[in-house]
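**Student:** First to last, the sequence lines map onto chains A and B.
Residue 3 is where the first sequence starts when you use this note's numbering, and the numbers rise one by one after that.
Residue 511 is where the second sequence starts when you use this note's numbering, and the numbers rise one by one after that.
Hints were generated in silico from the structure; no laboratory data involved.
Predicted model only: the values in this text are computed from it and were never measured.
It is possible that part of the hints are untrue.
Below, simulated DSS-like cross-link-like pairs (lysine-lysine); rule was C-alpha separation at most 25 Å, straight line [what the hints assert, rightly or not]:
| id | chain 1 | residue 1 | chain 2 | residue 2 |
| --- | --- | --- | --- | --- |
| 1 | A | 482 | A | 472 |
| 2 | B | 583 | B | 519 |
| 3 | B | 534 | A | 330 |
| 4 | A | 482 | A | 551 |
| 5 | B | 519 | A | 495 |
| 6 | B | 583 | A | 495 |
Pairwise CB distance ranges (calculated) [unchecked claim]:
| id | chain 1 | residue 1 | chain 2 | residue 2 | range |
| --- | --- | --- | --- | --- | --- |
| 7 | B | 526 | A | 102 | 37 to 47 Å |
| 8 | B | 526 | A | 103 | 35 to 45 Å |
| 9 | B | 599 | A | 561 | 49 to 59 Å |
| 10 | B | 526 | A | 421 | 35 to 45 Å |
| 11 | B | 513 | A | 168 | 53 to 63 Å |
| 12 | A | 456 | B | 534 | 26 to 36 Å |
Glycine included, every Cβ here is placed at the ideal spot set by N, Cα and C.
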Amino acid sequence: MTVQTDILIIGAGGAGARAAIEAAAKFPDLEITILNQGPVGRSGLTAMGNGGMQWVDHPDDRPEYFFEDILRYGCFLNDQNLIEVLAAEGPIRAQELIDWGAIMKRFYHGATAKGEPVEIDGRMIYPRGHLIPGGPYMRALKGKMAQYPNIHVIEDTIATKLISDGKRVYGAFVLNIRTGKLFAAGAKATILASGGLGEMFPHSSNSPFGLHGHAAGMGYAMAYHAGAEMIDMEMVQFTGNQLYPPWLLGNPELLVSMCGGKYINALGEEYIKLPQPRYAIQRASQKEIRAGRGTERGGVFIDLTKSPLSSEEIEHEIKESLAIFVAKERWRLIERLSVNDPDPKQWRVEFTPGGAHFFMGGVHINEKCETNLKGLFAAGEVSGGVHGANRMGGCAMVEIIVFGARAGQYAGEYASGLTEQLSIPNTEEESDRIDGFFKDKGIAPHEIVSELAALMAEHVGVARTDAELKTALQGIQDLKANQLAQIRAPGGKVYNLGWVEAIQTPYMLDVAEMITRSAIYRTETRGAHYREDYPEEDPSWIKHTRVTKQNGTIALSDTPVVITTLNPQEVK
Amino acid sequence: MNEAPVTVKIFRFDPSVDQTPDYKTYEVPWTEGLLLLTAIKYIRDHIDETLAYRDYCCGCTWCMSCLMSVDGKGIRTCSKVLEPGDTVLVEPMRGYPVIKDLVVDFGVGVSTEEGHFQRMEGTVWKKSKSDSPNSDSEISE
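Just chain B, with the same shape it has in the complex:
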């Protein structure tokens, strides 16, 4: 198990405290079958307890609660397999307002088209509109 660790650079932003976003870099020990989502959980459990991400997991790539922008591309982090020595940049899924760190309000992009699901306060920071989630062929609802 002396494989090179994985380096994960993560977008950090707590709207109740921060004026602007920041990035922090973490090293995660590599294990066989390490997924980006489980690496992020490792960081939260063992390195930085304040990191926020959607920690739900369906385990079968279909719920899409773990959509994030990884190296600029919108993907499910539960299906991103990490190899020893990998370096990845993780940001919140583009096109949705950021609630905190990697957590976005999916309700904006999805629910408002279908109906009138109640919006919650707490929506605070939005990435540019040109990065529409629909432009990514990986994503289908």
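In isolation and in its complexed conformation, chain A is listed as follows:
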């Protein structure tokens, strides 16, 4: 079966939905088809976002200041053309979202607790924190999408492969999970908005309780196989992942930055004090555990007993940071499961570093969200270059609507200008490939993914060395050589989760290899990429690592960062 559309959008999270709205509003003659792995607003990474967002709205603040903060936080690996856009358009896109019905709250913590600018290390830091939780965020976008008759949402679908001739992309093969039928979606322009890859690690905020978060990272692999340039694939942002108590208190970092908790090891010693960037906390926590000062579960603690705040203040701050105002049930569960003592000032939360939180690398884009392939656009977490080596908190939920809108605009312009007829291949070959996973004997895909995730956590986590990375690479290659052909999906085509996982697993192995090879290639420490054998930042490494597909294999090279206003060599 073949479907023809003008713009195909893969993923209906914040970036994809915003792209659909922009394209539909600006180009009413174009037909837009948007795919989502689950129900819109009830699946994907945006929907689970706590909703911290930063944009400029203080009267003394300027987009240029925000630009510089993001750049410094990203360790100068950001493409400056992209963060200029992010800083300038963030307030406009955020206000639209609020106008479309999203609830917004001010959200100040850490240095800007009072909502006033403060001076840190000779630089003014302005309050920019806002909170639009993932639920209301997606409801606003979903409601807006429903107003356009030229947007067609197809829920419970995954793209299995981009249709590409190596220079141009013109759609994708799509599996309808509900029916088990594959179809070819031919499109003049294709927007990849498929999100991140947290599920490749055993601990991830992208997959709470080990359940799926729709973050298998298929988009990266599909783009790579189609011929797209991938940058900074070594840049995985880690955060704490709660081990105990069993119910999640959200991102444990917020218990420190907002509630005054202290990072302590199993001996009760405080091992790092704020303010610190995420990667520094991760490295310090990892060091404690490797030095034998961790808990039996392999974690360290956030201790609220030492907080300067009162019990009432701590409870208030936790409720704010977890957006309890839109999830009252969540607080009831926290009270029931998280603690023996209802007084939060008695809580100690055990967490492990190395929880995959965000992926800074991805498909190389320019400020029009164009890639090196004609007809392929990318926006959101699947794209690279915006956040450099370290994403600042609250920047992703802004990034997705800013670049989502741009992808919609420029994909619309491109599709409108295209007059030639597309020739869409039939589904036979791709159908045979994915049907090949049905077999009598073999290995369940989730078992292979568990092995892969364990490898990634052990050797490609917070602290890396050449030897460890090469151990991981060997492990990934062994999995490919020995288990890839044995991936087995259980029978039945209708809503078959095992089949979906079987389709994802080879892609996850490819992405793991890209991450590991890029991490070997970058012989320095920068932001989230911490090399114990190269512990210093190296100014000559202010450039992107680049992955391309050459003769069927992963090839590494590098490419300059885009510099528009601040030369990294001159700023310190």
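Chain B: place on chain A using the hints.
**Tutor:** Structure of chain B alone, referenced to chain A:
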């Protein structure tokens, strides 16, 4: 860890094969903090690989992709804490067409009111209309 296991009785229906629905019963070892949703995942991963459910989880009780009918009441299964020895009956969320087992088409109840989101083929079996999702005060969109 010698606590009594949890017994989960689950509605099973594959429209491509079955004429009528059926129920199957599974035993899941109890662990501290076991949620109904993670128990269902345990069954799929370790006991019955053909079980279908919406496996997405936001982790914070607000996405509602895990709405199911539990002992006749519509709840989020990510917020249902199981105790040792519990027995629960799990059926697809009422008021929505069943796609397979515990997976329903939420688009029918939600999206069509807002607009014209495209309906997919594959909608096959519907529980009685009187069990409207709106009659349950737990659920709010």
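**Student:** Between residue 526 of chain B and residue 421 of chain A, does the C-beta distance stay in 35 to 45 Å?
**Tutor:** 42 Å, holds
**Student:** For a C-alpha distance cap of 25 Å, please report whether residue 519 of chain B and residue 495 of chain A respect it.
**Tutor:** Roughly 23 Å separates the two Cα atoms, so the pair holds.
**Student:** Is the distance from the Cβ of residue 526 of chain B to the Cβ of residue 102 of chain A consistent with 37 to 47 Å?
**Tutor:** 39 Å, holds
**Student:** Holds or violated: residue 583 of chain B and residue 495 of chain A, Cα atoms, limit 25 Å.
**Tutor:** 29 Å, violated
**Student:** What's the verdict on residue 482 of chain A and residue 472 of chain A, does the C-alpha distance respect the 25 Å limit or exceed it?
**Tutor:** Holds, at about 15 Å.
**Student:** With 35 to 45 Å as the target window, see if residue 526 of chain B and residue 103 of chain A comply at their CB atoms.
**Tutor:** 39 Å, holds
**Student:** Given the hint of 53 to 63 Å, is the C-beta distance from residue 513 of chain B to residue 168 of chain A inside that range or not?
**Tutor:** 57 Å, holds
**Student:** Taking only the CA atoms, is the gap from residue 482 of chain A to residue 551 of chain A under or equal to 25 Å?
**Tutor:** 17 Å, holds
**Student:** Against the range 26 to 36 Å, how does the distance between the Cβ atoms of residue 456 of chain A and residue 534 of chain B compare: consistent or not?
**Tutor:** With Cβ atoms ~31 Å apart, the hint holds.
**Student:** Would you check the hint for residue 534 of chain B and residue 330 of chain A, treating anything up to 25 Å between C-alpha atoms as holding?
**Tutor:** Outside the cut-off at roughly 33 Å; violated.
**Student:** For the pair supplied as a hint, residue 583 of chain B and residue 519 of chain B, is the alpha-carbon distance within the 25 Å limit?
**Tutor:** This hinted pair holds, its Cα atoms lying about 15 Å apart.
**Student:** Look at the Cβ atoms of residue 599 of chain B and residue 561 of chain A and judge whether their distance stays inside 49 to 59 Å.
**Tutor:** About 58 Å separates the Cβ atoms of residue 599 of chain B and residue 561 of chain A, which means 49 to 59 Å holds.
Hints 3, 6 from the list above are not met by this structure, while the remaining hints are.
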